[in-house]
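Based on the hints, put chains V and P in the right spot on chain A.
Residue numbers (our numbering), protein chains in the order written: chain A, -3 to 403; chain V, 1264 to 1551; chain P, 806 to 1162.
Derived by calculation from the structure, the hints in this document are not laboratory data. Beta carbons are placed, not taken as given, at the ideal position from N, Cα and C, and that holds for glycine. All clues stand as given, with none of them false.
Partner residues are not named here, just some residues of chain A that face chain V (Cβ under 7 Å, in silico):
| no. | residue |
| --- | --- |
| 1 | Ile41 |
| 2 | Ser205 |
| 3 | Gln211 |
| 4 | Ala237 |
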Amino acid sequence: MRVNRRKFLQGTAAAAAVGAFSGNAWADDPIGVASIHDLSGGLDIYGKPMVDALTLAVEEANAAGGLLGRQIKLINYDTQSNMQLYTQFAQQAALKDKVAVVHGGITSASREVIRPVLDRFKTLYFYNTQYEGGVCDRDQFDTGVTPAQTVEKLVPYAMKKWGKKVYVIAADYNYGQITSQWVKKYVTENGGEVASIDFFPLDVTNFGSTISKIQAAKPDFVWSALVGGAHISFYRQWAAAGMRKSIPMASTTFAVGNEHIVLSPEECNGMLVCYNYFQDLKNKTNETFVAAFHKRFGEDYPNVTELAMGTYQGFRLWAEGVKKAGSVDRMKVIEALETGISIDAPSGKVTIDPPTHHCILDVHIAEVNDKKLNVLEDFAQQKPSDTAAVCDLIKNPNDNQQYVIKI
Amino acid sequence: MDLIALLAIQVIYAIASLALISVGLAIIFGMMRVINLAHGEFLMLGGYVAIVATGHGVSIWIAMLVVAPVVVGIIGVIVERTIIRFLYGRMVDTMLATWGLSLFLVGLTTAVFGNTTVGISAPLGSFQIGAYRTSGYTLFVIAVAFVVLGGIFAVLRWTRLGLIARGTMQNANMAAALGVNPPRVYAVTFGVGAALSGLAGAVLAPVSGVFPTIGVAYVAKSFITVIGGGAAILTGTVSASALFGTINQIATFATTPVFGEVALLATAIVLIRLLPQGITGRFFRRGL
Amino acid sequence: MNARARNLLGLALVGLVGLSFLILTPRFAELDTVLDLTVYMIMAILALSLALVWGYGGILCFGQSAFFGLGAYTYAIAMFNFGESTIPLLLAIALPAAFAALLGYFMFYGRISDVYLGVITLTVTLILFNSVNSTAGPEFHIGSARLGGFNGIPGIPPLNVPGNKAAVIDLEGMFYLSTAALLATYFGLRLLLASRFGRIIVGIRENERRAELLGYDPRAYKLVTFTIGGALAGFAGCLFANWGNFVSPTIFGLAQSAQIIIWVIVGGRGTLIGPIVGCIGVQWLSAALGANQPSGSDWWTRVLANAPLILGIILIAFVLLVPKGLVPTLGDLGQWLLRARARRVATGLKPKQAEEG
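Chain A with its partners taken away, still in its complex shape (with noise of 0.2 Å):
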């Protein structure tokens, strides 16, 4: 059963990877590099987009040489957005494929899911999703923004832009409840006033009730913390209402499914978001890569998602550890990036924080216009000061949970 399972899998991906990968790929003992993500059910929009950077990453790193001489082979795995399969398919990478590092997990339920797999299991792993902070665990590293990072800067900015009173809407899970809790705290701490937080279950698409309730408290802006494909309706509902020329939106959740995309310049023009990364940064790097990228996924490719550059610059990091290190070995690349290692990826130069595994990277305020994110200011170096505050790796390394973040 076993054999044959393998056989009929390794065929189907040999026939179908025609043109894919470079050709002596699978030679010589190569280093294995699982991939764990949705591709299909609800959340592949975020999957899609974060599995093509880090197939192009692998891919550029093979044709420099490889790692260490060795040729990487990256194992697709697509958990069709069910909880179960991430269990066992982290399994399955720990200890069929024996893979030298993970990256995966989307959601923070399903990191949650194959942190403790990994740990068991002793195998590298690598988040890199913007999350809502607090994990600690010398196995795991994180390289997606935190609160402190992107809402610290983006409520100021906004307050000082439109006025201070704001009112929150947020998607009902934990994600969307902890941002809130940060929205209010950094509102409040720069003297404004939150009107109300709303909660919306993820697949709710009739905001009629909630946009006059908006009307009713007059804010001076709204804070959007909505997730998914579903919320997007607001967006629409709102614009329908000819709401956005009235009072006007910031979030550090829209455009990460490619919501300026899909929505019509009407129907967002104007908000303000804050990632670390954006298509139109003008860096050397980001050029070169912008331009890599699209040879290799085509023109026409819609937008590099943050989460998607998180992925690319996991990698990155990863590698620069590998090498530093001279081996694969989980403990050895775990302590050389715990000595800081720094990349210059096309989102600027990130760097490891070694006291808590998380990265310290460049923060940008945009402002969404005609479907395109224009740069308006940037903040270097931003430290991922909501995580330092629970965690010490340094001082505890076998610290392993996810602390939540008293604010």
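Below, chains V and P alone, put in the same frame as chain A:
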């Protein structure tokens, strides 16, 4: 005062959209006792057809109201002829087949369109009610719902096709003995049900977004509405939508959206407990 | 060979296969295969619970995942509060059973039947999903266990030997436990269905009015069946929480509910082996389709790397070609082959004999 007017429009809009998304399923289930788990995907396809048509320069109104229903209706007939036809009377197997169909349609749409598709924005601008603004498109959706429901009523009540359909629904063998061709009636009915779902999906596309997995958000609600409504297609769907839509919107407005959803579901449970055959099992029994 | 002997032979065969599977697999298979098989065994118990309730009881329950999820959550919450696993395990069976009894009373004594049952059970599981999903803040906790909202409850401590907190079950032990539990459930259900109770519920499924006129109260029997199904699903949930050491609200979702129904249909309603086979088959297929995806954007890749597309085609083809489900069809095939052989033997007269006769 304006807030009450605004809220009233929201409630009627919720009822109208719920009725619109359910009526296609009501026809298919009511006529043929087929549990169509791919119903959400027909809605999704309607949205995509509207987007593609608009992208090719067709006027948005024609795309939504004509092209989408026609194309999805044809798809419905094809599905019926190739899959459903073999499964009449086997409700359980139609569930499996339509579940497979829904997966297939989601996969196909993702393969063809990718995950990021440009949508269409709502036409018709907005208007003012006192101190509040609301979207003119809301009124359009309400109008479409009225027209569609009215049209179905007219067809069922006053045309020969409606008579044949009702007769086949009540007693297929008798209808066959009287010279009607039940397989043909079923094919047409499934096609009409699919077309209506496509219309609903297209009309809602400007306000709800279109992406391959949006069907999931609609399936459960439309099922609960159709079955809560009971055996009569039209009166059942309308009465159930009215009840659920009102409670959902008022609960959402008064408390939180989560509670609004839970309120709708809890109402369904209480309703079916009190009226085990759905609303039209007890009231409006002579309705269509 | 008469029917009774064949039946016993079949049971013995299942027992033999099951036992050898239990003993031999950890020896010969790699750890990740053992882990995968463990979850398939657990899900097979869940499939059996619906097989009992729907296949034999005729109750279309669209919300079996509600009891599954309740079992998992109960175990997790109780485990964080008690620290020792005997009580949580019992609670994980008792609470879903009690909930099933309550819901069953509400439904069956209200004379609700077929699709309406399906809708009520569906709404129940959706209410649970929506409620648990929104419990993300720290104020949502039961004792010392935070509900965690969409993130769920990670890091659930595993079962331990009753009374001995330190003797925790390990990965192989989990496999043994799950497989043994599946075998016990299977044989237990066979016993139940062969008893008077079993025949009565099948009779109720076939024709409720007739059973009622014969003096059996269908509501009570359906209630008991539903409760047993709920208890089994809760037990499976507890094992699932142990396998993955996590539980999250998606366990209550529509996708999970539909999956269980798909397993039973694919395997064959009205049998017990069928849903087990269907469950393991469909799960294995989904995992195989998800693993080792090729990357890139060319057309062929997009089709092949598309799990829903392929799974959908397979399911549609399945329902058209194998309408009764896997196991009944295989059974029919076997019978046809046997009868064909018997016919050939019976008509093997020599030509001369036929003329003279």
